[in-house]
Structures are given as structure tokens and as C-alpha cells.
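Asks: Spelled out from the first residue to the last, the chains are:
2 protein chains.
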Amino acid sequence: MSENKEIEIMQSVYDKNDEVAARINSELTQSGIYAINVMGAPGAGKTTSLIQIVKRLNDVTPYVIEGDIEADFDTKTLQALGIKAIQINTGGACHLDSPLIGKAVEDLGIKNGVLFIENIGNLVCPAEFMIGEHAKMLISTVTEGSDKPYKYPLAFEKADIILLNKCDLIPYIDFDEDFFMKGVRALNKTAPVIKVSGKTEEGFDKVVSWIMDKLNA
Amino acid sequence: MSENKEIEIMQSVYDKNDEVAARINSELTQSGIYAINVMGAPGAGKTTSLIQIVKRLNDVTPYVIEGDIEADFDTKTLQALGIKAIQINTGGACHLDSPLIGKAVEDLGIKNGVLFIENIGNLVCPAEFMIGEHAKMLISTVTEGSDKPYKYPLAFEKADIILLNKCDLIPYIDFDEDFFMKGVRALNKTAPVIKVSGKTEEGFDKVVSWIMDKLNA
Numbered sequence: 001m002s003e004n005k006e007i008e009i010m011q012s013v014y015d016k017n018d019e020v021a022a023r024i025n026s027e028l029t030q031s032g033i034y035a036i037n038v039m040g041a042p043g044a045g046k047t048t049s050l051i052q053i054v055k056r057l058n059d060v061t062p063y064v065i066e067g068d069i070e071a072d073f074d075t076k077t078l079q080a081l082g083i084k085a086i087q088i089n090t091g092g093a094c095h096l097d098s099p100l101i102g103k104a105v106e107d108l109g110i111k112n113g114v115l116f117i118e119n120i121g122n123l124v125c126p127a128e129f130m131i132g133e134h135a136k137m138l139i140s141t142v143t144e145g146s147d148k149p150y151k152y153p154l155a156f157e158k159a160d161i162i163l164l165n166k167c168d169l170i171p172y173i174d175f176d177e178d179f180f181m182k183g184v185r186a187l188n189k190t191a192p193v194i195k196v197s198g199k200t201e202e203g204f205d206k207v208v209s210w211i212m213d214k215l216n217a
Numbered sequence: 001m002s003e004n005k006e007i008e009i010m011q012s013v014y015d016k017n018d019e020v021a022a023r024i025n026s027e028l029t030q031s032g033i034y035a036i037n038v039m040g041a042p043g044a045g046k047t048t049s050l051i052q053i054v055k056r057l058n059d060v061t062p063y064v065i066e067g068d069i070e071a072d073f074d075t076k077t078l079q080a081l082g083i084k085a086i087q088i089n090t091g092g093a094c095h096l097d098s099p100l101i102g103k104a105v106e107d108l109g110i111k112n113g114v115l116f117i118e119n120i121g122n123l124v125c126p127a128e129f130m131i132g133e134h135a136k137m138l139i140s141t142v143t144e145g146s147d148k149p150y151k152y153p154l155a156f157e158k159a160d161i162i163l164l165n166k167c168d169l170i171p172y173i174d175f176d177e178d179f180f181m182k183g184v185r186a187l188n189k190t191a192p193v194i195k196v197s198g199k200t201e202e203g204f205d206k207v208v209s210w211i212m213d214k215l216n217a
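From first to last, the protein sequence lines stand for chains A and B. Using this note's numbering, the first residue of the first sequence is number 1, and each one after it goes up by one. Using this note's numbering, the first residue of the second sequence is number 1, and each one after it goes up by one.
Just so you know, the hints here were simulated from the structure itself, not pulled from any lab data. Just so you know, these numbers come straight off a predicted model, no measurement behind them. One or more of the hints may lead you astray.
When chains are identical, the list treats them as one kind, so a pair holds in a single copy or across two.
As the list claims (entries may be wrong) - Keeping only pairs whose Cα atoms sit at most 30 Å apart, straight-line, the calculated DSSO-like set for lysine-lysine is:
#, residue 1, residue 2
1, Lys182, Lys214
2, Lys182, Lys76
3, Lys189, Lys76
4, Lys199, Lys182
5, Lys5, Lys16
So here's chain A without its partners, still in its complex pose:
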């Protein structure tokens, strides 16, 4: 197959995805749902962060769509906490796409609240696909190192809010916060960067304030 043909096919995949994403976004808005696409590398602490966020939401109802290649640990953990959560297993695919989300939203049957869509653990592919979200939350970690914005620019560029997780481990590792922030700001002038720790629970009040501002906007 020619390279042009491959590019043409990929373009058609993106166009179809974005069309469905726009429809989902509009339907969610009409149902009073604010949807957040939660992205991060494997083991960045996406589910742990969601648990910290959800328990601070007070009167706002949380819903979670959990994306994984395989397994459903995280969904079971969330459900055990009384959170309405549904699992998507992509069976190999490296990102969630909007047709998958469309079906999950229907199955969840949700209204008035915040929908967190936890994407596949991958700092590359998820950033390329809109899935009907109102905002993208990127979770990066100090243990991944301070060069991540330079190496994985798209995720940092597209994020509306960035959580820098596992900050409790800073004393034990070499993490250059200035270099990290310089990399982030070269790509993204506006997204708040909030230092958090799933272990000490530091920073999650600020994350929830940001979400409440969006809900009340």
C-alpha cells in the first residue's frame, strides 16, 4: 500500500472519530454531564487520583468509564466505593475512541454530574483522539522524570489541567521541577499544574476546586 493511501485512511479514521465525539459531547452537555478525559502513562495513578477527587465532590454525582486493554481491577475498586463505574476492555487497542464511549455512555444511563473517562495508560495515542470530553486531565508523575513534556509533547499541549502525581517521592529521586515546568509552559501556557500525591492526599482539594469552577461556569 502507498504511504499516501495509508495517510488517507488514517484521516478518515480521525474524521469519523471526531464526528462521533462531537455528537457525544453535545448529548452529554444536554444531560448535564461534564466529561473529563483522564490520560496518563501506565501506573501514573489515574484510578488512585479519581478516588481522591471523587471523595471530595460532595453533592456532585460522579460516574466513571474505565478503559483498559485487559482486566477490571480498577472498576471493581471504584464500584466497591459505591461509584457508578463501567469497564471498557479494548482487547489490545492503545486508546479509547468515541464509538466505544458512545456505547458506554448509553449503558451507564447518566444524568447531572461529572463523568471521568479513564483512558488507556499511554502517553502517546490517547491525546490524538477526542472522545466527547469537555476537558482533558493529564496525570504525569515525578517518578517518570522531568523530561516527559519534551518527549511526549502532544499530551501536555492538549491538557486543560495537569496533575503532577507521586510528589511524596520527590525526596528519594532526582526530579528537576524547573525543567519540567519549562517544558510544560513551552507547550501549554494556561493549564494549571497541580502537585498531588495519592498517598498523602496533597493537592486534591485544588483539583476539585478547578472541576467545581468548570461545573459552575
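Since the structure of chain A is provided, determine the placement of chain B on it from the hints.
Replies: Chain B only, in chain A's frame:
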């Protein structure tokens, strides 16, 4: 586009890739090169591990192909240590493929030694593409958590050797080694799993012994 058409196109991409990979593998073998495809999530410590391995290789000449979406920090770090390294920037693509490697191998002009091909930081896509390697080395980390084999099975299944990095941080985190190993062994009965730390240098002698055994086989 129909789903069948998409599957057919992906199959053709895989077939073409594997055909080129087989040719590269044969050429490398003829040149006395043992090639290792180094895979791991973003920030798993792939380059740091390579540095620890390379400095223990003694008489064996190391070569490195560095795959990144953007930036060339790691190549410069390796070159500053006197290692023959070449950068591939995929400009967005989430894995290395064999045509990219074919060109880089030509450019490097290598003979007799070990070629480390550091793949894009991604625990999903690289495992699907052969790139001419003789072995796959997977670098997982304790900070990513003990559930990774269950969530990202293909990389663990295909690995010939698994490094469990950042072991110096075990005292500060919750890492369930038994659960991790159970997950690995359900997928992969034979690959050695070696605990290492880029910081304390623990474990890299064992990794190099494994490589030397392969070279002398």
C-alpha cells in the same frame, strides 16, 4: 470505511513490517550483531538501564538506536559517554517499525557487537511490531505498580528478559512483588525477571550475564 476493510489494512501493515523485520534480522546476524528491542512505559528508565548495561560490557561493542517521538536528550547523553548512538524521531508515531530501523542500521554502519534499540516509551504498541531484534527486553518499574502484567499483557508475554527497575524505591511505596510475579508467570514461563535499580546499580551484572550468554550461544 467498513471494519473489515480496516482490519485488512492493518494486516497488510503488519505483514509488510514483519517481512522487513525478518530481512533486517538476517542482515544483523550476518554482521555479527545481536539486537535487543528495549521496551517500557514512559520514564521506566530505559536509557539509564542501557548506560548501566553498556558500562559492564567490557570487550563487546555497544550500539544504540534511540527512538523518541521528539527530543534527543538520551542520544546526546549516550554519545557523551562515547557510545555510538543514533536518534530516530517518529514525530508522533507511538512505536518504532522495521522500515525506520532498516534505515538507522544502514546509517550506523555497524559490525560485531550488541545493538540496543530503545523503543518509544509505551507499554502497548511497541510489543506488536517486530523490528529485526533477536530479543525483547522489557523494563517495568515498581513505581508503575504490581498490576501492570495484568493490564498490559502483550509486552510481558513477548519479553525474553524483564527488568524490574527502581527497586531502591520499594521501601517508600506499596509494591506487591508476589502479585506482580504471578501476573508475569501467567503470561510468560521462561523470561528471567531481574530486580534492578539505575540509582544503586543493583542487578545489572545479572542482566549483562544474560546478554553475554546469548552472545556466546
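Asks: A separate judgement is required for each hint: does it hold in the structure or not?
Replies: Do the hints match the structure? See the list:
In this assembly of identical chains, Lys182 and Lys214 lie within 30 Å of each other by CA distance solely inside one copy; the values are 26 Å within and 43 Å between copies. When the C-alpha separation of Lys182 and Lys76 is checked against a cutoff of 30 Å, the pair qualifies only between copies, where the shortest distance is 20 Å, while the shortest distance within a copy is 38 Å. In this homomeric assembly, Lys189 and Lys76 come within 30 Å of each other (Cα to Cα) only across copies, at 28 Å, whereas the closest approach inside a single copy is 37 Å. Within a single copy, Lys199 and Lys182 get their C-alpha atoms as close as 26 Å, and across copies as close as 25 Å, so both meet the 30 Å cut-off.
Taking CA atoms no more than 30 Å apart as the test, Lys5 paired with Lys16 passes in both settings, with 17 Å inside one copy and 15 Å between copies.
In this structure, every one of the numbered hints holds.
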